Amino acid sequence: MREFLLLCVIVVAGTGGELCVTRAMKQIGEVTDFRPSALVRFILKALVVGWMWIGIAMMTVAFFALLAALSFENVSFVVPVTALSYAAGAVGAVLFLRERISVQRWIGVLIVCAGVTIVLLSKH
Amino acid sequence: MTDSPGLHFKTFLLIVMIVVFAPLGNVLLGKGMKTVGPATHWAAADLWNVFVRICSSGYIWLGVASLMTFFVAYMLVLTWADYSYVQPASSFSYAMVALLGYLLLGEAITPLRCLGIGMICLGVLIVGHTPPRTTAVKV
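Protein chains in written order, with my numbering: chain A, 1 to 124; chain B, 1 to 139.
In short, the hints are calculated from the structure, not lab data. What you are looking at is a predicted structure, and each value in this text was computed from that prediction instead of being measured. C-beta: ideal position from N, C-alpha, C; glycine also. Keep in mind that a hint or two might mislead.
Some but not every residue of chain A turned toward chain B, in silico, with C-beta under 8 Å [as the list claims (entries may be wrong)]: (1) T22; (2) G50; (3) W51; (4) L67; (5) S71; (6) S76; (7) P80; (8) A93; (9) V109; (10) I118.
Assemble the whole structure, with the sequences as input and the hints as a guide.
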C-alpha cells in the first residue's frame, strides 16, 4: 500500500509539475541566445512566472516521494513505473496546453507505454 | 523559428543531455537512498532523522546536481518543442537507467526487460519522426 501510494504521488505530482513548468516556458518564449548572461536572464524571467512555482512545488513533492520509493525498491523498477505519466502527460498536453497530437505520435506514445509495462512486469 | 535542420539539431542535443543526466541522477539517488535506508515508523522524528541523513549523503547531492542539469536542458527544450514530443523522446532514459542500474548498482536485467526496453526505443523512433512543434507560434 505504501509503495502504491508513493508511486501514485510520483506520477501525479510529477506529471502535473511538468505540465505547469511547460506552460510557464511557453509564456516566456523560445530561447535563441545561449550565452551565460542570456541564460541567467532566462532563469530570472522563468522565476517570476506563477506556473513555474506551482510546477516546482509539485515536482518537489514528486522528488521526495521518489527518494522514499528508492530507499526500498530498485531504480530499474521505480523509474519504469513512473512512465505511467506518459498517458497522463499526453492527455494533459491536449487538455491543459492545447497541443495537437498526431495519430503517429499517439502510436509512438502507446508503444513506449507498452514497452515500459513489459519492463515493469519483468520484475515478477 | 521555422522547422529547420538547426532546430532539429538543437532539439537532438538537448534530448541527449536529458537522456544521460536524468538516469544518472536517478541511479545516484538510488545508491544514496540504499545507504540512507527507509523510514521505519514514518513518525516526525524518524522522518527528520532520514532527512538529515539524506542531506549528508554525497551520492544524493551528486544525483541532485545531475538532475538539475537535466532540468535546465528540459526547460530549454520546452521553450520551442511540444511537451508531448519531448516527454516520449526522452524515454531513451529507460534504456540508460537499466544500463546504469546494471553497471553501477548490480541490478539484474532479464530478457523480458530487454524486450520492454526495445519497445520503448521503437516508440521513441516513431515519435522522433513527428515535427517538434504542432502549436502556433506567438508573434
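Against the structure, the hints:
1. T22: 4 Å, holds
2. G50: Violated, about 16 Å.
3. W51: Violated: closest Cβ of chain B sits about 12 Å from W51 (chain A), beyond 8 Å.
4. L67: 6 Å, holds
5. S71: For S71 (chain A), the interface hint holds, since the closest Cβ of chain B sits about 4 Å away, which is under 8 Å.
6. S76: 4 Å, holds
7. P80: It holds, given that the least Cβ distance between P80 (chain A) and chain B is near 6 Å, below 8 Å.
8. A93: 4 Å, holds
9. V109: 5 Å, holds
10. I118: Holds: closest Cβ of chain B sits about 3 Å from I118 (chain A), inside 8 Å.
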